[in-house]
Each structure stands twice: as structure tokens, then as C-alpha cells.
Amino acid sequence: MITGDRKSLEEIAAMVEGFERVLILGCGTCVTVCMAGGEREAEETALALRLRDRERGVSREIWYANVERQCDEEFLQEAVDHVARADVVVSLACGCGVQHMVTVFPDLIVYPGLNTTFMGVTEELGVWAERCLGCGDCVLERTGGVCPITRCSKSLLNGPCGGSADGACEVDKTIPCGWQLIIDRLEAIGQLHRLDEVLPPKDWSKSHSGGPRSRTREDVRGTDDVEEGAQ
Amino acid sequence: MRSGSNLEKVLEAGHFAVTCELGPPKGADGEEVRELARLLKGNVDAANVTDNQTAVVRMSSIGAARLMLDEGLEPVMQMVTRDRNRIAIQSDILGAAAMGIKNVLCLTGDHQSLGNNPQAKSVWDIDSLQQLAMLKAMRDEGVDAVGEELKGSPEIFLGAAANPFGDPTSFRVTRLAKKINAGADFIQTQVIYDVARYEEWMEEARDRGLLDKVHVMGGIVPLKSAGAAKYMQKMVAGIYVPDEVVKRMKAAEKGKKEGRKIALELIEQLRTVKGNHGVHIMAIMWEKLIPKLTEEAGLLPRPKV
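Chains U and L, in that order, are what the protein sequence lines are.
Heads up: the first sequence at position 34 corresponds to 34 in our numbering, and the numbers run straight through without jumps.
Heads up: the second sequence at position 239 corresponds to 1239 in our numbering, and the numbers run straight through without jumps.
Don't read these hints as lab results, they were simulated from the structure.
The beta carbon of each residue, even a glycine, is placed where N, CA and C say it ideally should be.
Incorrect hints may appear among the rest.
Stated by the list, open to error - Label-pair ranges, simulated between beta-carbon atoms: (1) Met1099(L) / Asp196(U): 32 to 38 Å; (2) Glu44(U) / Glu1244(L): 30 to 36 Å; (3) Ile1284(L) / Leu9(U): 46 to 52 Å; (4) Ala1028(L) / Cys138(U): 44 to 50 Å.
Taking the hints into account, I'd like the entire structure generated from these sequences.
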């Protein structure tokens, strides 16, 4: 999932200052799961802003709504009535959702209510961790299913560096050394020999370094019915 | 001869080589480098010049290396892959070689979060092994990273770092093997305080046939105080300082004197380690010690080759 952290109330309040009708729009997928920008957080944010207004004697309309996925126009259209009423929308989706709102509703002012952080997993209830940088050229089959690009602070393909100590990264003792994890895992599955070879430099042109990426499936492009298009 | 550098000649002639470290100043005052170069000249075969060590901004290693050359001290230019992508690395190597720099030490570099610009974007387009392989191809095949022909290939003696005490334990010697296979001509190790453990690592390397292909130089860091020893033991990742060393420093009346004594003992022990071809003395901010230490250790005069 994509994770995020909600911006501070003061930051959000500063963005929407002077607007009369403020919509807080949650997103029902990734950021709901990581408890940062779903319906519940949208409600909490709206309540907190209202309370803040009341303390300052400000009177205006602040309400919340939620859609399943802000990165999909189909779902965004479900919020069209809310959007039509709003002077400003604070989107609690990831950066993708915020940008898609502006594309779908070009006249609308949309501000981000989250700092989008990473693509990751739920390690335990209330703990999420980064797992993928979307480099466009997966090497997990060589590294025992542990990503060197993401889990090594230096994205080394031939690690570990000299800063690995007692299983921890030099950046922070709470970060496990990604290369220690890779070596442990390959040892456990009897594939440590995979690391004998020096991996060549990575083709970063497949990542964001090659410019913003897009993906097209010509066979389904423009069709409403994916199944039909795929045939 | 791959580079014809003094360090390469000394090592190839079978002498016990001596290198040390020179930390460039935080500023544009070249005189500081020149002064250090004059102090160190004649006491070592070459001196490493660090590349923004611990990710703190300093005069570039390429610039300081040029100043050292002017003073007649051969540089080992350190180059980390933290701050440069493959375009900049190749370009800097061509420039360095054109200016007469003949030794390069390839390093990953400390993470910028440990330095004075933690907000910086990291590069690490390639790692130190890929850097070694790239520079080796530039030198031996006369081609750049994409196989395009170079007009004049950089004649450089290629070095890498190794940590005999680094984690993960089971992978230490494999990592050395990978560096040698990637193109390392010489290895300078992380600081050694436990020669017995260093010998074990060397033995394993020898058993795997690695030591015929490379010159390994053991790392020495002279200690200034018990506090410094304790700090290195607790705070610096990948450095192993045995408790006895800390105890000895604590019990000593004069820290610097004891540190010097320990360094001398270590150099003496390293001379007897099979396959160990020299010492690399890292006395950052204490460069003045080098002439005395090398004299006392009987390493002077340095061979003329």
C-alpha cells in the first residue's frame, strides 16, 4: 500500500484560511488501511478544524466525505456534489489522489492533507514499513525476496557496506541492515552462492530517473469493459 | 605495471608499504594541504586523501590530491559513490588521471545522514564494486561504462577497503573476493586492534587463493585518549576495539603516548602477518605523528623504486 502521515492541523488550517466552504475528502484504500487519510481521519480532521474555528470565533462550513479511491475518476465522480459545493478541498489521499482530483476537476482548488511517505506493508498493528521504491526492474529473485534498493539505505546492489553492525544500519540502529537480511535469507534457503557474482550497475532509466513513467495497455485502452477489451 | 605509481612499484617490488591519511581542510586554503604534504613527504609511499569523509563537506579529494602532487607527495585519491553518479565518476577519473593522479581508492561512503548536510539527496547510482569494475575497464580496455572508446585510458592503481571485523561475519571474505574480482589491485583494511582475528581473516582469504591477486595493507588508527577508544568502540559502526585496548588507554598516564605505543606494537605485529604487505596509518587531525611513528617503527627511509 501507499502510506502517508497527516499534516499537522496548523499546516492544514493555514492552507484553508479565508475559504468559506471547506471539504475534507478521505480516500478509502491505502491511506485508510494505514490509518492516515480514510473516512475516520477525514471526520477527525473536519472536527478539529471546526473546533479550532470556534475557538477563534470563525464561522464557516467545514465538512467531510470519503471516496473509495481518489486515483480513479470513476470513484471521484461519486464526490461530485460535495466538490461542487466546496471552495477548497483538503484531500487526505496520497499525492496521486491529490493530483488526480485536480485533473478531474480542473476548476477546483485542492490542497494536500497528507505527506505521502512510501510503498510498504503493515508490520504489525500500527506499524508500517517501506518495502518497494518502484525501480521498474525487480531483482528480488536474486536477493531472497528482500529488496536491496529499498532496504539498504544506500541501495547497494553488492552490499553490505562497512557500516553494517550487529544487524543494524549505520543510519540508525533501529533500521535493520538490508544486506544482513538478504544474506540471512539466502543462507536459510541455501542460495548464498547467488552473491558470488558482482551485480552490474542498474539501469535506472527504468525508474523515475528516466522521467515520469506511464503504462499503457493498448488492448483495453478506451474501452469501458476490461474483460471484453482483453479478449 | 598498471599505473606506474610509487605505491604500486613499492608493493610490486615486495617492500612493506606505508600509506597514511590526509584530511583536506574545510575551506579553500590550499596552504594547509601543502603544509601537510611537506610534513608527510618521505615518510610514506603515498597518502590517502579523503573524500568528504563522514559526509562532512571539505575541499574535494581531487583538488587536494593535485596540491599534494605539486609538493611531491603521491596521493591515493579516495572516491565515494555517495555523491556522484556514473557520469561524474568517469569524468572525475579522466580529469584526475590527466592531472597525474595514479592511485584511486573506491568507496561507498558514509551515509549523508551522519554528516553536516543530512538534507542532501543521496546518489549511489553505482556501488564501490561496480565502480571498481568500471574503472578497471576504463584502464585495461580503454572504454567507458557504455563501451565507447577513450582517447587515452586512465592509468590508475585501483584500491578498495575491506573490514576484517565487519558484519555479517559469514560474508566477510566473500566480500573481499568480490572486490578483488571486480578489479581491486590493493586493499586497505579498516582499523585493526586484534591482530589474531585479522590473521584468521587473512588465512581464510589465503585458503581461497585471494592473496595472490592483491596487496593487503592493514589499517592502524593511533589512539589519542581512552575517550577516543571508547567512542570508537561504542559509536562507530564496523570498528572493533577490544576491551583490553580501552583498559590500557584508561590506565595510561599519558593517553597520546600510550596510543603511540599501541600503534607501534600493532605495526610490529602486522609485519609478521603472512600476506600482509603494508600498513595504512589513519591519524586524522594528528598527521604530525606520522614522521615520528614511522621512524620509531623502523619504516624509514622509504624505498626508492
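Hints and how they fare:
1. Met1099(L) / Asp196(U): 32 to 38 Å: At roughly 37 Å between Cβ atoms, aspartate 196(U) and methionine 1099(L) fall inside 32 to 38 Å, so the hint holds.
2. Glu44(U) / Glu1244(L): 30 to 36 Å: violated (58 Å)
3. Ile1284(L) / Leu9(U): 46 to 52 Å: holds (47 Å)
4. Ala1028(L) / Cys138(U): 44 to 50 Å: holds (45 Å)
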